[in-house]
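Student: Top to bottom, those sequences are chains A and B.
Under my numbering, the first residue of the first sequence carries the number 1, and numbering increases by one thereafter.
Under my numbering, the first residue of the second sequence carries the number 128, and numbering increases by one thereafter.
One or more of the hints may lead you astray.
What the hints assert, rightly or not - Listing some non-contacts, in silico: residues in chain A with all C-beta distances to chain B over 12 Å: (1) Gly14; (2) Ser15; (3) Gly19; (4) Trp23; (5) Gln26; (6) Met55; (7) Val101; (8) Leu103.
Claimed, not checked - A short, non-exhaustive set of chain A residues, derived as facing chain B with CB atoms under 8 Å: (9) Ala30; (10) Phe34; (11) Val41; (12) Leu59; (13) Leu83; (14) Val97; (15) Thr113; (16) Ser117; (17) Ile118.
Please keep in mind that the hints were generated in silico from the structure rather than gathered at the bench.
Every residue gets a Cβ at the ideal spot worked out from N, C-alpha and C, and that includes glycine.
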Amino acid sequence: MRSGTSLGRVRGLGSSKEGAHHWWQQRLTAGSNFLLMLWLVVSIARQPAFDYASMRFWLSSAWVALPMTLLILSVFWHFRMGLQVVIEDYQHDESRVVALVLLNFFVVALGATAIFSILRIAFGAAA
Amino acid sequence: MASRNPARPLSPHLTIWRWGPHMLVSILHRATGSGMATVGAMLLVWFLAALAGGADSYATFVDTFTVESGGLNVLGYIVGVGLTLSLFQHMMTGIRHLVLDTGAGFELRTNKLGALATMLASVMLTALFWLYLGIK
Ligand code: HEM
Ligand code: HEM
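Bound-form chain B, shown alone (with noise of 0.2 Å):
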């Protein structure tokens, strides 16, 4: 805006608040949102796209994930663990937004528990849905 001036104080801003699990939670929710909104959804429609284009295309998008004998490379994992976690974090920090849209949760313990406990579930989550892949 042309004519803003520089000099007016600004309120204060994250520098100067210590952490805490909301502001966490609140900085991971975007993140993850974020980051599946690119890159996730990048690779969601080269699967689908290689998938539709034929088998050769489709080799190489798992080619690019995947060593010889078929398993995850270490790109594979990284994309691969670090998609599940995000969705299972958005997802559970946007259940908790969903509550705290009703107006509910706002005391200071609960709203830390609560924040604490999208991390937990994140986790574990993501711990469940690697091993029942793994053991299936």
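The shape of chain A in the complex, shown without the other chains (with noise of 0.2 Å):
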């Protein structure tokens, strides 16, 4: 890029157009996050034991499995796009390429460790 003022740098380029849709996703998961780790606190609160088997009762229902993976979806999207916003305000240069790099790959690899576990066990795959 051209060196010069920092204002000479960007000025003609425009915003990058992706603010409002950034924030309005994250205003909509917070809405659903809100809901899902509420029925997730309250499942939790009514669980009678917390073993093995009861464990795996629990998640093998899918009025569990299917809420279960929404609040991954939703909690993973919305932490996604806020971590991006808090790395964004303290790492520049390189290191923001970096970090936003390794934010998406432990997004995407523990998404899908957490669904693939939830679908493991709701489908009746032996352990």
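Both chains come to you apart, so use the hints to assemble them.
Tutor: Here it is, written out as structure tokens:
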């Protein structure tokens, strides 16, 4: 990129045209997180026991596996955008790019593991 | 940025301002969100993967946070209370964010009371959650 003053380097580029979309999706997932996390907290509080058999039985129900999958999608998307903002606030130059790439790897790898685990239990595969 | 002039004055930053509840909950929202997104997310996924992996891997997960008799150990309490408190704090400041987004609640008094209310609510909800778990 051209050097020059900060203003000179960005003049004429316009915005990245992503801000409002990002902002709105953060709000949308805030709403779905609210409902899904309330569901999770209440479900955990009402759990009779936390041993292996009880938890497998609990998560194998479609009424648990489905909201749990939705929760992973909603929460992971929400914090993928949230952490992006945090990174952009504190990291500059190359380290910002590295951090954002790592963030995407983290979210996709962890999210895929979570959903695979839920489905594996829900579809009744033996451990 | 290559040609940023380090001698340029900065806008007045964190150190110069008097702390108030609104600053505290703002930074708490960020800290709890980031904490849940890293520590919380990894623990949730560990739980799910351990449960899917079978009785042995689930036992490893459970043993990390409990004592022989089945109750939580010190780490279990730190992580458990820490994550529930973080969730409720972030949930309350998150709702406050959505209210502020409508343009409401910016009068000094209302703003301060709203910020204090999020912290009161999160502590009460956390206490309620653990009391319910303990006595049910
Ligand atoms: C329980 C319901 C939740 C609500 C109502 C909520 C609400 C919000 C809102 C409105 C924002 C935007 C704040 C801003 O624009 O400055 C936000 C940011 C964020 N949220 Fe949530 N959230 C919830 C759950 C979660 C969960 C479960 C996680 C993590 C696992 C999370 C992680 C984050 C992160 C990392 C940010 C960015 C923080 C920042 O920029 O300072 N949130 N949340
Ligand atoms: C100890 C003092 C402060 C702390 C801990 C702090 C912390 C934060 C945090 C965590 C955020 C992002 C979360 C959010 O959007 O709610 C934020 C956003 C922001 N802060 Fe601060 N801040 C402080 C003081 C100030 C001061 C004195 C100013 C202005 C003179 C300021 C201006 C802003 C602005 C403009 C934003 C962006 C708001 C938005 O995008 O919604 N902050 N601050």
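Student: Could you run down the list of hints and mark each one as holding or not?
Tutor: Structure-based check of all given hints:
no.: 1; hint: Gly14; in the structure: holds (19 Å)
no.: 2; hint: Ser15; in the structure: holds (18 Å)
no.: 3; hint: Gly19; in the structure: holds (14 Å)
no.: 4; hint: Trp23; in the structure: violated (9 Å)
no.: 5; hint: Gln26; in the structure: violated (9 Å)
no.: 6; hint: Met55; in the structure: violated (6 Å)
no.: 7; hint: Val101; in the structure: holds (16 Å)
no.: 8; hint: Leu103; in the structure: violated (9 Å)
no.: 9; hint: Ala30; in the structure: holds (5 Å)
no.: 10; hint: Phe34; in the structure: holds (6 Å)
no.: 11; hint: Val41; in the structure: holds (7 Å)
no.: 12; hint: Leu59; in the structure: holds (6 Å)
no.: 13; hint: Leu83; in the structure: holds (5 Å)
no.: 14; hint: Val97; in the structure: violated (13 Å)
no.: 15; hint: Thr113; in the structure: holds (5 Å)
no.: 16; hint: Ser117; in the structure: holds (4 Å)
no.: 17; hint: Ile118; in the structure: holds (6 Å)
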